[in-house]
Structures are given as structure tokens and as C-alpha cells.
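Novice: So you can see what is in the structure, the chains are spelled out below.
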Amino acid sequence: MKKKIYFILIAIVILIQFYPMDKPTVTIDNPNDLLATTTVPDNISTLLKNACYDCHSNESTFPWYSNVAPVKWMLYDHIYEAREELNFSNWNSLETDDKADLLDDISSMVLEGEMPLKGYTILHSEANLSEEDRELIATWADEMLDLIYE
Amino acid sequence: MKIKFILPLFVVSVLFALVSFTSSLDPQYIDISDVVIIDIPENVKAIIDNKCMECHSNEAKNGKSKMKMNFDKLSNGDYSTGKVISKLDKIVKMLGKDKMPPEKFLAKNPDKKLSSEESKLISDWASGQSSMMKGE
Numbered sequence: 001m002k003k004k005i006y007f008i009l010i011a012i013v014i015l016i017q018f019y020p021m022d023k024p025t026v027t028i029d030n031p032n033d034l035l036a037t038t039t040v041p042d043n044i045s046t047l048l049k050n051a052c053y054d055c056h057s058n059e060s061t062f063p064w065y066s067n068v069a070p071v072k073w074m075l076y077d078h079i080y081e082a083r084e085e086l087n088f089s090n091w092n093s094l095e096t097d098d099k100a101d102l103l104d105d106i107s108s109m110v111l112e113g114e115m116p117l118k119g120y121t122i123l124h125s126e127a128n129l130s131e132e133d134r135e136l137i138a139t140w141a142d143e144m145l146d147l148i149y150e
Numbered sequence: 001m002k003i004k005f006i007l008p009l010f011v012v013s014v015l016f017a018l019v020s021f022t023s024s025l026d027p028q029y030i031d032i033s034d035v036v037i038i039d040i041p042e043n044v045k046a047i048i049d050n051k052c053m054e055c056h057s058n059e060a061k062n063g064k065s066k067m068k069m070n071f072d073k074l075s076n077g078d079y080s081t082g083k084v085i086s087k088l089d090k091i092v093k094m095l096g097k098d099k100m101p102p103e104k105f106l107a108k109n110p111d112k113k114l115s116s117e118e119s120k121l122i123s124d125w126a127s128g129q130s131s132m133m134k135g136e
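Protein chains in written order, with the numbering used here: chain A, 1 to 150; chain B, 1 to 136.
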């Protein structure tokens with residue numbers, strides 16, 4: 001009886017792997033990327049790369065489990081949504097007002113702990129930002145925001 | 001012995017005095033040109049006071065909503081220019097999408113719903129202020 005249940009479970013897991021879903025495309029060379037087009041202090045660019053770029057850029061990296069259903073369904077969806085909200089790879093093609101809007105969001109969401117998502121930081125310790133890291137990112141975003149309208 | 005003790009103390013305090021003196025000369029401590037005080041007309045302020053301040057003021061309990069938008073900071077000059085502009089634009093955006101006050105909040109506080117006139121008053125004021133600040 002127990003064996004049967006295991007067998008069915010394994011069969012289901014194998015079967016769902018065949019359910020098609022487009023993997024988010026990865027491009028490394030992005031001419032409009034924030035870090036490629038804007039002067040960002042080294043410590044900030046490291047923090048952004050470690051804590052944000054996996055979902056908020058075209059440079060996502062995919063660990064093995066991220067390509068296994070059902071994890072991949074959730075994860076791919078998250079990445080599509082994240083890129084739509086904010087994609088650092090397209091930064092320089094954004095309108096001034098959109099940049100300002102996003103910088104303000106970055107500052108408050110990172111400071112408030114809303115970002116990076118908990119589910120992500122559990123698996124990526126380098127994205128687990130300390131209070132000081134959060135302050136650094138928020139201060140940087142606020143300063144950028146001021147430069148935009150100068 | 002006593003002198004040995006007092007001398008370093010003296011040196012340290014002179015250093016401290018020097019540091020605080022030079023930093024008081026540093027322009028970033030006395031420059032107030034960055035302070036932005038924006039003008040909120042009485043009729044707009046009345047609506048904001050009544051319908052937004054529960055979550056978007058210094059006294060608000062919810063850290064998240066307070067962090068994203070704080071009308072006290074907006075009117076006290078606690079936000080820098082860029083920040084004020086982005087907050088004003090955000091007000092226009094959120095009201096345009098009918099996202100504020102949030103539905104969850106309205107379910108418990110139906111009297112806080114903005115009428116379309118109120119929403120337009122706030123929105124027009126915010127977009128006017130913002131364009132003015134952008135020099136449009």
C-alpha cells in the first residue's frame with residue numbers, strides 16, 4: 001500500500017516535468033544595464049548583484065532545483081513578474097519619472113524588509129541583507145533620486 | 001602620574017573640539033537649500049487628514065505604509081526634492097489606479113473611501129506641485 005503511494009507520487013513528479021513553461025531568457029550583455037551606464041559605488045553594485053539581480057535583471061542564474069517542477073512554475077513566474085516591475089538590465093531606457101518612482105520604491109521596500117523576498121533569502125544567504133546593507137542601498141537610491149531631478 | 005593621565009585626556013578633548021568645529025563649518029550641516037516645504041491647500045489637507053493620515057503619518061502604526069508615504073514628512077520638508085517629486089507622482093499614480101485607500105482597509109473603514117471629487121482634488125494638487133517642481 002505504502003509502496004503504491006510512493007510510486008504514484010514519483011510518477012506525478014516525473015509527469016509534471018513535461019508540462020511546458022518558457023524559461024526566462026538570460027542575457028549577460030545588456031547595454032542599458034544600470035551598472036553599465038551609471039556610476040554606482042562598488043559596495044552598492046555588489047549588494048545589488050547579490051540581492052536583486054537574480055530576479056530584477058536579465059542576468060538571472062538558475063540553480064538545479066529552479067528547473068524542476070513544481071518549483072520552476074513558481075520561480076519562473078516570480079522572475080517574469082519581477083522583471084516587469086523593475087529590470088536593472090533595461091535601466092537606462094527608462095523615462096526619468098519611472099526611474100524616480102523605482103528608486104523611491106527600492107529605498108522604502110529594502111529598508112522596510114519587503115525586498116528581497118524571504119523565500120529567496122532562505123536559499124541565497126548572500127542576499128540576506130544586514131541592517132547596514134539596507135541603509136546603504138536606501139541611501140544610495142535616495143541620492144540617485146535627487147540627482148535625477150537636479 | 002596625574003599629569004600622565006590628564007595629558008591624554010586633554011589631547012583627546014582638543015581633538016574632539018577640532019573635529020566638531022570643522023564639521024560645523026562643513027556646508028552640508030548648515031545648508032538648508034535642500035529643504036523642500038510644499039504647499040498643501042486647506043481643502044486638500046482636510047481630505048488627507050481625514051482619509052490618509054491613519055496610515056501615512058508619523059503616528060501611523062503600520063511601518064510599511066508609513067515608509068512608503070508619510071504626509072508629515074512631505075509637509076515638514078523631511079523629504080529631499082527628488083523624493084518629494086517621486087512621492088507626489090506616486091500619489092497621482094495610486095489614485096489614478098484607484099488603489100488608495102486599499103480595499104482591505106476600506107472593508108473595515110468604509111467611511112474612508114475617497115469620493116471621485118476628493119480623489120481628483122488630491123490628484124490635481126499633487127500633479128500640479130510635481131510639474132512645478134520639475135520646472136515643467
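Source of the hints: derived by calculation from the structure; they are not laboratory data.
Accuracy of the hints is not assured; some may be wrong.
What the hints assert, rightly or not - Below, a list of computed lysine-lysine pairs in the BS3-like style, where the Cα atoms sit at most 30 Å apart:
| no. | chain 1 | residue 1 | chain 2 | residue 2 |
| --- | --- | --- | --- | --- |
| 1 | B | K93 | B | K73 |
| 2 | B | K108 | A | K49 |
| 3 | A | K49 | B | K68 |
| 4 | B | K120 | A | K118 |
| 5 | A | K118 | B | K134 |
| 6 | B | K108 | B | K64 |
| 7 | B | K134 | B | K104 |
| 8 | B | K90 | A | K2 |
| 9 | B | K68 | A | K99 |
| 10 | A | K118 | B | K99 |
| 11 | A | K118 | B | K66 |
| 12 | B | K61 | B | K120 |
| 13 | B | K120 | B | K68 |
| 14 | A | K3 | B | K97 |
| 15 | B | K97 | A | K99 |
| 16 | B | K73 | B | K97 |
| 17 | B | K134 | B | K108 |
| 18 | B | K61 | A | K99 |
| 19 | B | K68 | B | K134 |
| 20 | B | K61 | B | K45 |
| 21 | A | K72 | A | K49 |
| 22 | B | K90 | B | K104 |
| 23 | B | K112 | B | K45 |
| 24 | B | K108 | A | K99 |
| 25 | B | K66 | B | K104 |
| 26 | B | K64 | A | K118 |
What the hints assert, rightly or not - Sample of chain A residues with no beta-carbon within 12 Å of chain B, all distances over it, derived:
| no. | residue |
| --- | --- |
| 27 | D42 |
| 28 | F62 |
| 29 | A100 |
| 30 | Y149 |
Stated by the list, open to error - Going by beta-carbon spacing under 8 Å, a handful of chain B positions derived as facing chain A:
| no. | residue |
| --- | --- |
| 31 | K87 |
| 32 | K134 |
| 33 | E136 |
All residues carry an ideal CB built from backbone N, CA and C; glycine is no exception.
Novice: Each hint needs a verdict: does it hold in this structure or not?
Specialist: Outcome of the hint check:
Distance check on the hinted pair: B/K93 and B/K73 sit about 19 Å apart at the alpha-carbon level, within 30 Å; holds. Among the hinted pairs, B/K108 with A/K49 is inconsistent with the structure: their alpha-carbon atoms are about 41 Å apart, more than 30 Å. Using a Cα cut-off of 30 Å, the hinted pair A/K49 and B/K68 holds, with the two alpha carbons roughly 24 Å apart. Of the supplied pair hints, the one linking B/K120 and A/K118 is violated, its CA atoms being roughly 37 Å apart against a limit of 30 Å.
Note on A/K118 and B/K134: the hinted pairing is violated, with a Cα-Cα distance of about 37 Å set against a maximum of 30 Å. A threshold of 30 Å between alpha carbons decides the hint, and for B/K108 with B/K64 the separation of about 19 Å falls inside it, so the pair holds. At most 30 Å may separate the alpha-carbon atoms for a hinted pair to count; B/K134 and B/K104 exceed this at roughly 34 Å. For the suggested pair B/K90 and A/K2, the alpha carbons sit about 56 Å apart, so the restraint of at most 30 Å is broken.
Taking the CA atoms of B/K68 and A/K99, the gap is about 16 Å. The hint holds against a cut of 30 Å. For the given pair, A/K118 sits about 25 Å from B/K99 by alpha-carbon distance, which is consistent with the 30 Å threshold. At roughly 21 Å between alpha-carbon atoms, A/K118 and B/K66 fall within 30 Å of each other, so this suggested pair holds. Our distance criterion of 30 Å between C-alpha atoms is met by B/K61 and B/K120, whose separation comes to about 27 Å.
Distance restraint check for B/K120 and B/K68: the Cα-Cα separation of roughly 21 Å lies within the 30 Å cut-off, and the hinted pair is therefore satisfied. Proposed proximity of A/K3 and B/K97 is contradicted: the alpha carbons are some 54 Å apart, above 30 Å. Of the pairs offered as hints, the one joining B/K97 and A/K99 holds, with about 19 Å between alpha carbons and a cut-off of 30 Å not exceeded. This hinted pair checks out: B/K73 and B/K97 have alpha carbons roughly 24 Å apart, not beyond 30 Å.
Simply put, B/K134 and B/K108 have alpha-carbon atoms about 38 Å apart, too far for the 30 Å limit, and the pair is violated. For the hint pairing B/K61 with A/K99, the CA-to-CA distance comes to about 29 Å; that is within 30 Å, so the pair holds. This hinted pair checks out: B/K68 and B/K134 have alpha carbons roughly 21 Å apart, not beyond 30 Å. A hinted pair counts as satisfied when its Cα atoms are at most 30 Å apart, and B/K61 with B/K45 qualifies at roughly 21 Å.
Between A/K72 and A/K49 the CA atoms are separated by roughly 21 Å; this keeps the pair inside 30 Å, and the hint holds. Between B/K90 and B/K104 the CA atoms are separated by roughly 20 Å; this keeps the pair inside 30 Å, and the hint holds. Taken as a hint, the B/K112 and B/K45 pair is honoured in the structure, with Cα atoms around 15 Å apart against an allowance of 30 Å. Simply put, B/K108 and A/K99 have alpha-carbon atoms about 35 Å apart, too far for the 30 Å limit, and the pair is violated.
For the proposed pair B/K66 and B/K104, the alpha carbon gap of about 17 Å is at most 30 Å, so the pair holds. Distance hint between B/K64 and A/K118 is fulfilled; the C-alpha atoms sit about 16 Å from each other, no more than 30 Å. Non-interface status of A/D42 relative to chain B is upheld: no Cβ of that chain comes within 12 Å, the nearest being about 23 Å off. The beta carbon of A/F62 sits about 30 Å from the closest Cβ of chain B, which is more than 12 Å, so the claim that it is off the interface holds.
A Cβ of chain B approaches the Cβ of A/A100 within 12 Å, the least distance being about 4 Å, so the stated non-interface status is violated. For A/Y149, the condition that its CB be more than 12 Å from all CB atoms of chain B is violated, with the nearest at approximately 5 Å. Annotation: B/K87 was flagged as interfacial toward chain A, and the flag holds, the nearest CB pair being 7 Å apart, inside 8 Å. Satisfaction of the interface hint for B/K134 is found here, the shortest Cβ-Cβ separation to chain A being roughly 6 Å, below the 8 Å cut-off.
Hint status for B/E136 relative to chain A: violated, with the closest Cβ pair at about 11 Å, above 8 Å.
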